[in-house]
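Asks: Modelling step: build the complete structure from the supplied sequences, incorporating the hints.
Protein chains: 2
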Amino acid sequence: MEVALNLDPLSPIALYRQIYDGLRDGIIGERFEGGTRLPASRAFAASLGVSRITVTECYERLISEGYLETRRGSGTFVCSRLPERDLYASGITAEAPPQLHADVPMRLSRYGEIVNAPIRPPTPPEIIRCDRHGPDVSLFPNKLWARLWARRMQEGAENLLQYTQEYSGNNDLRVAIAQYLRKSRAVVCDPSQVIITSGSQQAIYLTARIFLDPSDYVALETPGYLFAGRIFASQSAKLLPIPVDRHGMQVSQLKKHREKSVKLVYITPSHQYPRGVSLSISRRMELLDWAKDTGTLIFEDDYDSEYRYNERPLPSIQGMVPDAPVLYVGTFSKLLFPTLRLGYLVVPPALHNVFTGAKLLCDFQSSSIDQRILADFMAEGHLEPHVRKMRIIYGNRRALLAESLQKHFGRKVTILGDHAGMHFLADFQINLSEEDAFARALAAGVRVERVYWPAGSSVQRPGHVQFVFAFASLSENNILLATERLAQALLV
Amino acid sequence: MEVALNLDPLSPIALYRQIYDGLRDGIIGERFEGGTRLPASRAFAASLGVSRITVTECYERLISEGYLETRRGSGTFVCSRLPERDLYASGITAEAPPQLHADVPMRLSRYGEIVNAPIRPPTPPEIIRCDRHGPDVSLFPNKLWARLWARRMQEGAENLLQYTQEYSGNNDLRVAIAQYLRKSRAVVCDPSQVIITSGSQQAIYLTARIFLDPSDYVALETPGYLFAGRIFASQSAKLLPIPVDRHGMQVSQLKKHREKSVKLVYITPSHQYPRGVSLSISRRMELLDWAKDTGTLIFEDDYDSEYRYNERPLPSIQGMVPDAPVLYVGTFSKLLFPTLRLGYLVVPPALHNVFTGAKLLCDFQSSSIDQRILADFMAEGHLEPHVRKMRIIYGNRRALLAESLQKHFGRKVTILGDHAGMHFLADFQINLSEEDAFARALAAGVRVERVYWPAGSSVQRPGHVQFVFAFASLSENNILLATERLAQALLV
Numbered sequence: 001m002e003v004a005l006n007l008d009p010l011s012p013i014a015l016y017r018q019i020y021d022g023l024r025d026g027i028i029g030e031r032f033e034g035g036t037r038l039p040a041s042r043a044f045a046a047s048l049g050v051s052r053i054t055v056t057e058c059y060e061r062l063i064s065e066g067y068l069e070t071r072r073g074s075g076t077f078v079c080s081r082l083p084e085r086d087l088y089a090s091g092i093t094a095e096a097p098p099q100l101h102a103d104v105p106m107r108l109s110r111y112g113e114i115v116n117a118p119i120r121p122p123t124p125p126e127i128i129r130c131d132r133h134g135p136d137v138s139l140f141p142n143k144l145w146a147r148l149w150a151r152r153m154q155e156g157a158e159n160l161l162q163y164t165q166e167y168s169g170n171n172d173l174r175v176a177i178a179q180y181l182r183k184s185r186a187v188v189c190d191p192s193q194v195i196i197t198s199g200s201q202q203a204i205y206l207t208a209r210i211f212l213d214p215s216d217y218v219a220l221e222t223p224g225y226l227f228a229g230r231i232f233a234s235q236s237a238k239l240l241p242i243p244v245d246r247h248g249m250q251v252s253q254l255k256k257h258r259e260k261s262v263k264l265v266y267i268t269p270s271h272q273y274p275r276g277v278s279l280s281i282s283r284r285m286e287l288l289d290w291a292k293d294t295g296t297l298i299f300e301d302d303y304d305s306e307y308r309y310n311e312r313p314l315p316s317i318q319g320m321v322p323d324a325p326v327l328y329v330g331t332f333s334k335l336l337f338p339t340l341r342l343g344y345l346v347v348p349p350a351l352h353n354v355f356t357g358a359k360l361l362c363d364f365q366s367s368s369i370d371q372r373i374l375a376d377f378m379a380e381g382h383l384e385p386h387v388r389k390m391r392i393i394y395g396n397r398r399a400l401l402a403e404s405l406q407k408h409f410g411r412k413v414t415i416l417g418d419h420a421g422m423h424f425l426a427d428f429q430i431n432l433s434e435e436d437a438f439a440r441a442l443a444a445g446v447r448v449e450r451v452y453w454p455a456g457s458s459v460q461r462p463g464h465v466q467f468v469f470a471f472a473s474l475s476e477n478n479i480l481l482a483t484e485r486l487a488q489a490l491l492v
Numbered sequence: 001m002e003v004a005l006n007l008d009p010l011s012p013i014a015l016y017r018q019i020y021d022g023l024r025d026g027i028i029g030e031r032f033e034g035g036t037r038l039p040a041s042r043a044f045a046a047s048l049g050v051s052r053i054t055v056t057e058c059y060e061r062l063i064s065e066g067y068l069e070t071r072r073g074s075g076t077f078v079c080s081r082l083p084e085r086d087l088y089a090s091g092i093t094a095e096a097p098p099q100l101h102a103d104v105p106m107r108l109s110r111y112g113e114i115v116n117a118p119i120r121p122p123t124p125p126e127i128i129r130c131d132r133h134g135p136d137v138s139l140f141p142n143k144l145w146a147r148l149w150a151r152r153m154q155e156g157a158e159n160l161l162q163y164t165q166e167y168s169g170n171n172d173l174r175v176a177i178a179q180y181l182r183k184s185r186a187v188v189c190d191p192s193q194v195i196i197t198s199g200s201q202q203a204i205y206l207t208a209r210i211f212l213d214p215s216d217y218v219a220l221e222t223p224g225y226l227f228a229g230r231i232f233a234s235q236s237a238k239l240l241p242i243p244v245d246r247h248g249m250q251v252s253q254l255k256k257h258r259e260k261s262v263k264l265v266y267i268t269p270s271h272q273y274p275r276g277v278s279l280s281i282s283r284r285m286e287l288l289d290w291a292k293d294t295g296t297l298i299f300e301d302d303y304d305s306e307y308r309y310n311e312r313p314l315p316s317i318q319g320m321v322p323d324a325p326v327l328y329v330g331t332f333s334k335l336l337f338p339t340l341r342l343g344y345l346v347v348p349p350a351l352h353n354v355f356t357g358a359k360l361l362c363d364f365q366s367s368s369i370d371q372r373i374l375a376d377f378m379a380e381g382h383l384e385p386h387v388r389k390m391r392i393i394y395g396n397r398r399a400l401l402a403e404s405l406q407k408h409f410g411r412k413v414t415i416l417g418d419h420a421g422m423h424f425l426a427d428f429q430i431n432l433s434e435e436d437a438f439a440r441a442l443a444a445g446v447r448v449e450r451v452y453w454p455a456g457s458s459v460q461r462p463g464h465v466q467f468v469f470a471f472a473s474l475s476e477n478n479i480l481l482a483t484e485r486l487a488q489a490l491l492v
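Chain order of the listed sequences is P and X.
Reminder that position 173 of the first sequence reads as 173 in our numbering, one-by-one numbering, no gaps.
Reminder that position 271 of the second sequence reads as 271 in our numbering, one-by-one numbering, no gaps.
Incorrect hints may appear among the rest.
Where chains are identical, the list cannot tell them apart; a pair therefore holds if satisfied intra-copy or between any two copies.
[To be verified] Calculated lysine-lysine pairs in the DSBU-like style (CA-CA distance at most 35 Å, straight line):
(1) Lys-238 x Lys-260
(2) Lys-143 x Lys-389
(3) Lys-407 x Lys-389
Honestly, the hints are just simulated from the structure, not real lab data.
Replies: Right under this line is the structure:
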């Protein structure tokens, strides 16, 4: 092909650019048709009076952009399929909206198949939610938090914005957490054992990944905590539901499964979820002895242990004996606000490396800024007063909700569990199925929470229906209104 | 046993409490010895002149706390093993530091074994880091960010602090991202296809979980991106390294593996990591055709596509054809600051549910506050000016680093790849092993980045050593200093 280009050596536009533009315009304008062969770079350069490298670079660039192509041994050709014409997105306008990707291969992994379950639709705002397990964030000292935040963003924000090398989490925060746990929960730990996670959810998730292979056994309380069960099940682990009575998990039942080689026991000993009881000291010792004996790890989820109303605080299992095979877990979602997404694990030193590695791979690190502000919040002594204040408020809400339910339901309702935590389980003596009762409550404008029985091990008594009530974030008004609505819906 | 308790009916302390305290003090003070049997509740209540239920509740509580135990059919006894004596943590003082958990069972899962690799120790601050792939956060408009933040924390913080029901991420942010991508990257998408993740790292991680079963094949560029390779390998997937040349991944090589049923192709088409080239349009079409044909998903990691210096912007693969089987991924780590931990996936509608489910299980959600502020930042038009400003600065740094290396190394150095991105690959013609050269550079105070060859497929030429240089966050001074130190270390 004869390629005539008008080059202007005096133009401010570089020769390279003039050649590139000339060729590209010619190709787009179809002056040079698809399939035509370009002159060899040496000859072309000579004809234009430029160095060969200038031409080679132009060719290379046009090749990489899809205007030219090379065929081994036979030179450089104009592509017949041009990038501009192939750009589907370039034809989209407001009038011609994109055609969405309709069919795509769904070759999911086993994990993908499991997590591809329907996701619960949002609850409309007019429904009173007794299933929302957060704290009352309207009472969070957000002005104080904002002040701490602004101070850090003014001085030395740079360190907070760049990747950290503190892979297990902000060091000051880990020191503050270790101090707090030693003092208030009798946890035996050094800051080096603390791993910061994005909420306790991530702590459960990482633990499941690190320890559970498909078909491994994991024991958990029944009734229990839905998301723990879901996470374990998503690993294709086998759930071993262990019944709970007034003294917590029935450790004797757990011990019967010795031949199953249980890898992990998930337990909420301070305030069993959802029954609200605490694990007795003798069972704690029994559990620890058994775990040491069998090489099982105990996952101690201490999610709302700070809230005990007129009840003696219970120390952690983790601190009861030296070398306890315990992963101790807590969260700031219940103490401060859930969207902070900060929780922590306290792990035996031998497990520090594997947890740090798993966290790194999952999402590198949790927010450095939030970690820094939380460390300041704790170091300046704001955590404990806030918890003390909220303890009184939540205690009153618990009492009001219990009272109000009793006012409406009389002897047909029993509030189960300790005077503690941010939720309780209520037993209703009514002749409705759980399904029915739940739907009626929802239709009346109240969303209660159904009890989760891992592996379908439900043991509800006939004539009784139990629901969980998360009262901490409910205003007094909503407590009164919700109980009234419930009475109308369920007392039929 | 005779149990004498002095009750004071006129005391403000409830009778229940007086009985409880009296029994507990007696047990702790060893007035009531371990193993002794308590009177039956009915008789004890009569002797004290209180209701039986008061006594039963006291017994129950002391049982749950480990002071008493019941033996079936024979009554209630004082425990011989007392909680106070068993509390290991209670004996710990500053003088007697805790004995750390020395040996704990290491029964890790297959995944646990893989991620339990040594973690790189922190680099001391005096080392100039050419391996830090973040932006220059000192130029981030942190006062503007703080202003946006403060505004949201003042008005309606409540919504931002409580769990959201927007499971795939903040809706306003998803709208802003979809608009941005349609405009600047020719991505074909609707906000409903956007999933917010904690950085692009989490996007890779979730994708690996959702699609890869052990022994599934995943293709990735070689040389390539270390963390992608690590995440895929941690799923026990099989890595299929596909060589890269001047036009990007050699798609023809990929096509040879048809019988292997590749599930996923991980690719960085805008700016191949680390070689810095872009995938030619003809190869893009070839890849898309092949992927549609074989039912393979393309993971398009568009991590730093915004930075092209005097180069024509390249549109995404995702938008090239209708129904492209592409997961398009981007991150704000490179545009704003890495510790924001926000990235996103654009997925075909059919895959929206499974990604949302996987994200929920992993850590519920990313920070609501950060998502809200980022949405404001974008909606108010701050993103594009910031990117334009940084593009000039990074372009200059790229030029300075290239120049400065050439000044010291002359023809012994070649800078590879397009004039684009936040890093380049440099080829040094020196007679040192990579290991040696890396160690010498580090000893001289410069940490360069080694090239990652997935599955050990290194094809470095003898007499040549290649290193990655992340220049975006290097000051001019550090660029000059680093190149000087490198010359001294490597030109031997």
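Asks: Which of the listed hints are not met by the structure?
Replies: none
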